[in-house]
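Trainee: One-letter residues, chain by chain:
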Amino acid sequence: MLQTARRPTAVSPVSTPPRAAAMTPPPSVRVKGFTRSFGATSVLKDMNLDIQPGEFVALLGASGSGKTTLLRTLAGLDPAPVDQVSTPAARAVVFQDPRLMPWKRVWRNVALGLKGRDIRGKAEDALGEVGLSHRLDAWPATLSGGEAQRAALARALIREPKLLLLDEPFAALDALTRIRMHELVLKLWRAHDPAVLLVTHDVDEAITLADRVLVLDQGRIAAEEVVTLPRPRDVDDAFQAIRRRLLGHLGVTSHDPAVAAELIAFRPRQDAH
Amino acid sequence: MSLAYHDRLTDKAKVGAKAGPKLSWPKLADQRWLSPVLLLAIWEVASLTGVIPSRILAAPSAVVQTLAHLVVNGDLPNALIVSLARMAVGLAIGVTTGTVLALAAGLSKLGETLVDPPLQIIRPLPTLALTPLFIVWLGIGETPKIALISLGVTFPIYLNLFNAIRSVDPRLMEAGRSFGLSGWDLIVNVVLPGAMPGFLVGLRYALSVSLLILVVAEQINASAGLGYLINNARDFMQTDVIVVCLLVYALLGLGADLLVRALERRLLVWRPAFLKA
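For the record, the sequence lines run as chains V and F.
The numbering of the first sequence is our numbering, which starts it at 34 and goes up by one.
The numbering of the second sequence is our numbering, which starts it at 38 and goes up by one.
Errors might be hidden in some of the hints.
[As the list claims (entries may be wrong)] Chain V regions said to be covered by chain F (calculated; three or more residues, Cβ under 8 Å):
1) 107-117
2) 157-168
3) 171-177
Just so you know, these hints were derived from the structure itself, not from any lab.
Where a beta carbon is used, it is the ideal one built from N, C-alpha and C, also for glycine.
Okay, chain F solo, but in the shape it has when bound (with noise of 0.2 Å):
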């Protein structure tokens, strides 16, 4: 919040007090939980009356009920953890190929010749146009899943750490040198730690891009995970099962954004940034 609105907001506080006690209106505007609330508010009464059906949409109590119902019979812990395997599975494939990609064409020039232009001719392809391909290749079960995630995820950590590795600053690069760095040594304490900033960076794209090829390839076909809950729920018209695995996913991209912050105060401890808070 800049200064200015927060003066603002301290002189309407005054204000108010001056004209009554009653209202307090700088203390409302604090309120972020309100609209949300409401909305939810509207959402529970329109379900009641009938305004919203079920088959439409489910009204929150009702999610709330289906998902203390399936997180009690299993449904949706089995599901979560089939899920988190694929996201981590693809990721795992993903991270390490695109940082062993970028290693090799960011350390040495005969290694960019060789690896980026490939890469960068398949980047501009969205990876889930390439899913038809795979389930021709690789059938329906899991395989598919993880390998269009792995592909996903690839680029961004690629592209990150690559152009992180060239862009380290070369006055360090030199000052490493001067004493006596040189390979293997300048790499590991100068290229990569000054590379981890943008390798990060990647991650955090990657980890969105795993989760969002996660929910469209784990809806074919699948006979189990988020996907497989959904899909069933759909032919169902289970709107509250449906509400149940959004709910899910989202908290899935938020546990993917806390990771990526709890790995970023620890590898990057010595930046500005950080050393302030």
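For reference, chain V alone in the conformation it holds in the complex (with noise of 0.2 Å):
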């Protein structure tokens, strides 16, 4: 089981050429001193970010604190100057609802603007990878909370996306789908390979699948954690550590226990791996 901190290079499919690996890579994504306002308050304020290639980000912070400001300026869903933001150009959005379009096929929302040959074809191939194989042809409105979540992680990976940008996906549904979801996006970054950037407020989320765990505060990166613990983590003494750093960065110095029990209690059981 090859599993470490940074995703082994030998996994993914497509990596980056042997001899590019001696120097660094210019970043998949990069913002440098971009500034968001509405009106008189700034959402995010003189923002710094590099994102590598293949590099999986966790964006915590609290309500307003600019994080959703953040992933849609690099969704290309608001605008935003290009010298102070670049992005790939393949990028998909898996979004906190599904957003499945409701008078669609489950494999034609999957397909949604794909043009050209077989389109079905890669549909169902991208439906099998996220264990839905058995409902191309059902409507959006008889699928499950984790099942149209799965299908719309598929629509977004349909499009082999250099930067995938998930909108706390997992947020609305219940904590045992949650952990089988956290799975499936592991398994799928390691397969395709794409930058993520997970913006999500569950601390112990963020750190059970991300390289590299920002805190936003008022439209700031106010910390920065590198997890290196090898995956899959479980939650042991350095997770615990971390989540004490991380919970500190948001300002909570003496969380709930039931709470934090919550949290412990739904760790996934990954020795199964």
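Using the hints, build the complex out of the two chains.
Mentor: Right under this line is the structure:
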């Protein structure tokens, strides 16, 4: 089981050419001195952020910290000057709500906007990867929350994005489904090798998944934690130390023991891998 | 039927079963056909005994005979075809006009600025009030009848479709854009299917409006159609023919409703309400 903190390059099918490994590759995402304001209030202030190709970055922050604004900017949903924000052209978003077109069958949702030959075949492959081969022709209204979100993942991945943007995609799911989705996301990330930006308010989710966790506070990156624990990650002492530091950055010094207990109780049992 | 209501009935059924096997009230309470049949019977008896003279209202039996007669001699089928054609042509023109205007106004701000104000100004005017003007402009032939239906139908289609286009879930629009849809692709894949439920609501209204206007418009100096049949019957006090024509109008209304329901089942098959069924 080859699972180190950094995703092993041997596993990734789309890897950088060997000679490029010697020098630092250009970042996949580069945000430089970007400020975004709505009226008088700046939501993002002089933001600087690089994301390396294939890097998994989690963005933590309270409501109103600007994390969704940053994601929307990187997704191209909000305008940004090209000299301040550069992203790969191939990018895809998974939103908190699945946002499947209710009038399109699942496979057509996955293939939304694709042109060319054998779109259905591609959609079948993508849905197979997320374990939804049996729901190809289902209507979105008949999917469970987890299934809908997996379809949304398939819709993002079928575009072979170089940047995958996840906007609290598991927040509305129950705890067990969320754990399965975490495993799925890691599997897909290893297979497709996109840079990932995960916006979340779940500290444990961030530590479980990401190479690097950023804490956003009032439009600024207030803290950064590089997580080098090997995956799959158990809630061991090192994990808890990172959690304590991140909660401290988030301003939660003495967090509710019940909340903490719930967070810990539903840690994935990853020894099954 | 609510569950509580159902339970009450079942309880009554048990009580009835204990008291005696003769009368079963719950069963009787389910017989919705009973009162219409009773009324028909009363009407028939009253007609036969002369309480209701036939120049006031023909007996149900006479209506059935007249219906058979009018069908056999071809008067009713011919009239029906003429009236149906008026309704169909009027609907086709009106639905097309309403759809085109709603697309123009719904899909572009400029379109809305140009199209919406005049339509909102005309909208409060009851379409039938334009009848005299239409007769002056278009004469008394088929044209003013069809024009009135078309105009009447345009509004429910326009208003409902315009509103539906503007209320398509913005989150879905954003998702569509984020996956590379724009312009025509976005309209075809997101806007129009999203607006379809609203359009069908408009179509439902349009069909009843078209029938309403047809009834009034085709009594203007008609020389063919159901309106002509009714006008003639009125002149000769043939209440049986009038009732037959009313029946046919009612059937047209029912048919229109069935048509929209069939369309909804087909076009909105993705809706949870239809998926459960």
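Trainee: The segment 171-177 of chain V covered by chain F? Criterion: 3 or more residues, Cβ-Cβ distance below 8 Å.
Mentor: holds (count 4)
Trainee: Verify the coverage statement for the segment 157-168 of chain V against chain F, using a C-beta to C-beta distance below 8 Å and requiring 3 or more qualifying residues.
Mentor: violated (count 0)
Trainee: With a C-beta cutoff of 8 Å, work out whether three or more residues of the segment 107-117 of chain V approach chain F closely enough for the coverage to hold.
Mentor: holds (count 3)
Hint 2 alone, counting from the list given before, is not met by this structure.
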